[in-house]
Amino acid sequence: MAADGALLVSLVEEFISGLQDSKSSDTAIGVKTRQFTILQLVEALGLSLTSSQPQTRARGVQLLSQVLQECYGDLSEREVEVLIGFYENRLKDHYVITPYVLQGLKALTQCTTLPPGSAVSMLKSLFQDVHVQSLMLAERACVYNMLINLMDSREAELKGLGADFVFGFVQSMDGERDPRNLVLAFQIAKNIVHQGYDMGKFTEELFEVTSCYFPIDFSPPPNDPHGITQELLILALRAVLTGTPLFSEFLLPLIIEKLDSDIQSAKMDSLQTLTECMTVYDHKDLSEFLSGLWSSLRREVFQTVSEKVESAGLAALTALISCLSRSIISSNEEDSLKTFLDLVLKDCQHHLCEPDLKLVWPSAKLLQAASRASLRASHMVATAVLPSLIEQYNNRTESSQRRTLLEVLHGFIQAVKASQLEEEGESVLTTYRETLCSIVFSALSESNSALQVIAMAVLTTLGRQTGLLLESDVELAVIHLYKLIVEEENAQTRLAVLECAEALSKLHPAAFVTKLVPRLKEKIFSEPMVQEGGDAPPEEISQHAVRQRCVSALAAVSTHPSVVQKSTPVLLEVISAAHSGCMDLSVEEVVSACHGLQSIAERAADTEETGRCFHDIIILRLLAMALQAALQGEGDSGRRSPLAEEAVLSAIVPVISTACSKLQPALAGQTASRAVLIFLDGDVSFLCDVSLPSNIQLLKQGDCQDQSQMVILLMGCVCSLPRHVEVPQLDRLLSELEEFSCTCSHPLAYTSAAKCFAGLVNKRQQGEALDSLIEHTIKRVSTELDSPTSPRRMQAFTLMLWLAKALLLRYHPLSTALIDKLFLLLGDSELAAPAAEGFSLLMSDSPDILNRAHHADIRIMYRQRFFAENSSKLVSGFNSAASDKKACYLKALSYMVSHLPKEVQLTELPALLTLLLEALSCSDCGVQLSTLSCLRLVLLEPPPALVQQLEALLSRLLALTSSLDMNVRIASLRCIHSVSHFPVHEVLPSRARVLRALAKPLDDRKRLVRSEAVRARGEWFLLGGPGLK
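In the working numbering, the protein residues as written are 288 to 1316.
Since the hints were derived computationally from the structure, they do not count as laboratory data. Bear in mind that the values here come from a model prediction, so they are computed numbers and not experimental data. Hints are supplied without guarantee of correctness; some may be wrong.
[What the hints assert, rightly or not] Cross-link-like lysine to any residue pairs, in silico, SDA-like; alpha carbons within 25 angstroms at most: (1) Lys379 - Val369; (2) Lys704 - Glu594; (3) Lys595 - Gln551; (4) Lys704 - Cys724; (5) Lys545 - Gly530; (6) Lys625 - Gln551; (7) Lys1066 - Leu1101; (8) Lys793 - Pro941; (9) Lys645 - Phe589; (10) Lys1173 - Asp1135; (11) Lys595 - Asp549; (12) Lys1287 - Pro1197; (13) Lys853 - Val800; (14) Lys793 - Ala778; (15) Lys810 - Ala778; (16) Lys808 - Glu789; (17) Lys770 - Val833; (18) Lys545 - Leu520; (19) Lys802 - Gln835; (20) Lys319 - Ser304; (21) Lys853 - Ser867; (22) Lys802 - Ala744; (23) Lys1189 - Gln1151; (24) Lys808 - Met870; (25) Lys1066 - Arg1097; (26) Lys645 - Asp549; (27) Lys770 - Phe728; (28) Lys1066 - Gly1054; (29) Lys488 - Asp549; (30) Lys1293 - Ser1265; (31) Lys1160 - Ala1198; (32) Lys1293 - Leu1202; (33) Lys1189 - Pro1270; (34) Lys1108 - Arg1067; (35) Lys949 - Asp1135; (36) Lys704 - Arg613.
[As the list claims (entries may be wrong)] Distance ranges between label pairs, derived from CB positions: (37) Ser440 - Leu1227: 40 to 50 angstroms; (38) Asp643 - Leu757: 33 to 43 angstroms; (39) Ser732 - Leu757: 17 to 27 angstroms; (40) Arg1010 - Arg613: 48 to 58 angstroms.
For every residue, glycine included, the Cβ atom is placed at its ideal position computed from N, Cα and C.
Let's have the full structure, built from the sequences with the hints guiding it.
As structure tokens, then:
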């Protein structure tokens, strides 16, 4: 013990006299390890704490406080009590000691053994003996943290102080200017307001000491390490000001005053604060200020110059009226809601009678915002406004006026719907249901496209509200929609028709099943009259367009399972008619029907009923017809089925793959089994609707194009299934696919086989079997690729590339061997260009396979990992490559960088800048475009390395403004535009040169190029002007 005492005395002496600050940590360790207690430390500090020199006393208190900051959790209640008494006494000491006293008290406020009454004792001493705002920043923060700690742990004791606690805090905070401390002070004020502290007669003082910062006007310094933002301060202060209705008499006049400001941020803050406080206010808090609030809100909407301010004003009005609607009034009180709405209607309603004047829209928005607030408000506003709007619509004849009135009506219908979401009750629109439906149907019969578009929007909104469209109304709506689908030529109107039909079909599927689908089917299969000369008349040409519109409409309305059951057979019948020759349909029309089926598969409700429809009917019929088309060739008549065309097959695959990706497990397993039976065993017995030869060998027909390309259907069937679905005979299937992809001579066939092989490998379970398969495939493709005279090098390369992607996505270690082989091929005389393009395939998302929608095994950030592991190889390969092969390395690098996330690009681009500038000189337009898109990102925040190469950059960019490719010219002009934002002293010397070079693209034959040239040249022309930059 004597030794410990000597050690303690030595540590104290070295800290105080030797000024060795590190000894405080050693002392804290001694206390933690119980070599000595905190009270023994106080005794050891005795002479220092009673010294006549303030600096010596300060060093003694500093040591004690620093030890307490590390050891406060180990103190007993008796020790805490003694220390509090000591520190309270020290608050009366010299001002140089105060900072260390506050540090010690802050540590003690964190103790769990704080004695009862000590919190009150500390605060009384603090408020009495310390003038907080005369302290330095860190000491003021210490005081605020003490208050926060005590409010968290000793709330009941602090509330016992009554309003004295609030008064003490007000005195402490008054005059605070540092944003870091304001965050703490606002937190304390928020706790006072929200946790029910008694503010008493100091309510106004607390409001004044916080509201003086409203609205917050703060811009953090660049690279601020503290992370204090204007938004953080705004939200913290708003939580204080809006936390209690006791502030209403002070806050509302302040908001009205601040809304007169010309500063947009002040207006936004005021409006958002007004909206927030409506959640805690009552009508009694608002009654005195309703007139002033309405005048301010009306002005902000009527005279706004900003959409944000207008939206905030409307939101504030909705919140205010919602507050008035919630209030409970007695029989002898005035109805505040009615009084306020009368004020709103008086100032806005008469403007709705003037659809040609500009005030109609702000007036309508204000009234709609009022309607949105509550069911009661919507009843009052709608009852006053709707009869007038309906009468005006019926009396007006000009389409523009009717469109304006219908848009206003639509806004009110939406507002009523929003109010019903908040409260249950009968819709006020029920009274006007018949009239509104009549207006909509008359507008749909008009020839004005804009009027028809808004009428369909109104129809959709009516359909989404219960009871506003009867069954007869829906059927009439379907008839109107059908007419517009068939007859309307305007693209905007056709799009609106499809959106309206899709929305209504979800809500009222029966009418679409009975009324629309049969009509569309009839129209699709109706044939135009044929003229004697045999030439296609104009009617036949337009019939093709109508047929495609009908197909699109069928797809759009097929979201409900009952509609899907009726619409998909129609689209399937279209494809069947084209296949059998019953109808003379173009390839584009068949592709359109396939796209319709794909759209249905994507958007239809994921139910077992829908899954069975696709599994039992759609997929089987498409497989059967495609196989029949491939096997029969041109047939005896010399006619070739459209389903044998590559474009149609490529459209059928997404239908099958999308449907398979959503199948339930049992159905997915059946689909996999059927696909394997067809392609491995030639068993087509379950395809009973068409005549097919038995024992067909589709994976053995490498020389027959029609039959070999059927492998694309296998890919659609098995590569989109969930990972847990087991594919039968998988080893045999993979072996056949590998052989087929390496020996087939048709690009679509061997590419599809390679993709199918890769898709199955990607999902296969990890293990020796998988590794053995991959090693065997790598050996085979390497043998073909290493033989310059092999006729199958392209097939082997394609298989290698897709296998590399499949393994890269799942982080398989054997992917490295394939990627290294790809790097070697960048120097190959025959495969260098495809190898460079291969980097784009590795980094990009594949739409038909190896994606998340098709349940591929994809690990996070695989692109970043691939870039980090291989970018240096590209750079070294470029440096060592022959001059005629360098372009391939540049192309590969450009593709790698362009597919990285933007954040990674900004980090990595400076190091690769030299190569990217070289890539701009490459003759390949694809390389130029991807490089320009990468550079444009880094040009927004140019690193020093880029500024140093400004001359080389500008030379290359200006040369590309004369490129033969329009997109390259546009991209280069956008980059030149961005360069104008470099530091003025860097770019000003190049101003004259750039202006001369940009004169040529001003006369470019393409309008888009000219417009970019005007923007870029304008920025460069103004460069360095007085007051600009």
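Structure-based check of each hint:
1. Lys379 - Val369: With Cα atoms ~17 angstroms apart, Lys379 and Val369 stay inside 25 angstroms; holds.
2. Lys704 - Glu594: 23 angstroms, holds
3. Lys595 - Gln551: 9 angstroms, holds
4. Lys704 - Cys724: Holds, because 16 angstroms separates the two Cα atoms, which is no more than 25 angstroms.
5. Lys545 - Gly530: Holds: Lys545 and Gly530 sit about 19 angstroms apart, inside 25 angstroms.
6. Lys625 - Gln551: Distance ~31 angstroms between Lys625 and Gln551 Cα, so the pair is violated.
7. Lys1066 - Leu1101: 12 angstroms, holds
8. Lys793 - Pro941: 24 angstroms, holds
9. Lys645 - Phe589: 10 angstroms, holds
10. Lys1173 - Asp1135: 32 angstroms, violated
11. Lys595 - Asp549: Holds, at about 14 angstroms.
12. Lys1287 - Pro1197: 31 angstroms, violated
13. Lys853 - Val800: 7 angstroms, holds
14. Lys793 - Ala778: Holds, because 23 angstroms separates the two Cα atoms, which is no more than 25 angstroms.
15. Lys810 - Ala778: Measuring from Cα to Cα gives roughly 20 angstroms; hence the hint holds.
16. Lys808 - Glu789: Between Lys808 and Glu789 the Cα gap is close to 17 angstroms, so the pair holds against 25 angstroms.
17. Lys770 - Val833: Holds, because 11 angstroms separates the two Cα atoms, which is no more than 25 angstroms.
18. Lys545 - Leu520: Distance ~17 angstroms between Lys545 and Leu520 Cα, so the pair holds.
19. Lys802 - Gln835: 19 angstroms, holds
20. Lys319 - Ser304: 24 angstroms, holds
21. Lys853 - Ser867: Given that 25 angstroms is the threshold and the Cα spacing comes to 21 angstroms, the pair holds.
22. Lys802 - Ala744: The hint holds at about 21 angstroms.
23. Lys1189 - Gln1151: 11 angstroms, holds
24. Lys808 - Met870: Given pair Lys808, Met870 holds - Cα atoms ~14 angstroms apart, limit 25 angstroms.
25. Lys1066 - Arg1097: 21 angstroms, holds
26. Lys645 - Asp549: 23 angstroms, holds
27. Lys770 - Phe728: 12 angstroms, holds
28. Lys1066 - Gly1054: Between Lys1066 and Gly1054 the Cα gap is close to 19 angstroms, so the pair holds against 25 angstroms.
29. Lys488 - Asp549: Cα-Cα ~35 angstroms, so violated.
30. Lys1293 - Ser1265: 21 angstroms, holds
31. Lys1160 - Ala1198: 14 angstroms, holds
32. Lys1293 - Leu1202: 30 angstroms, violated
33. Lys1189 - Pro1270: Satisfied, since the Cα-Cα distance of roughly 23 angstroms is no more than 25 angstroms.
34. Lys1108 - Arg1067: Roughly 13 angstroms separates the two Cα atoms, so the pair holds.
35. Lys949 - Asp1135: 15 angstroms, holds
36. Lys704 - Arg613: 18 angstroms, holds
37. Ser440 - Leu1227: 40 to 50 angstroms: 49 angstroms Cβ-Cβ, so the 40 to 50 angstroms window holds.
38. Asp643 - Leu757: 33 to 43 angstroms: 35 angstroms, holds
39. Ser732 - Leu757: 17 to 27 angstroms: Given range 17 to 27 angstroms: holds, Cβ gap about 19 angstroms.
40. Arg1010 - Arg613: 48 to 58 angstroms: 52 angstroms, holds
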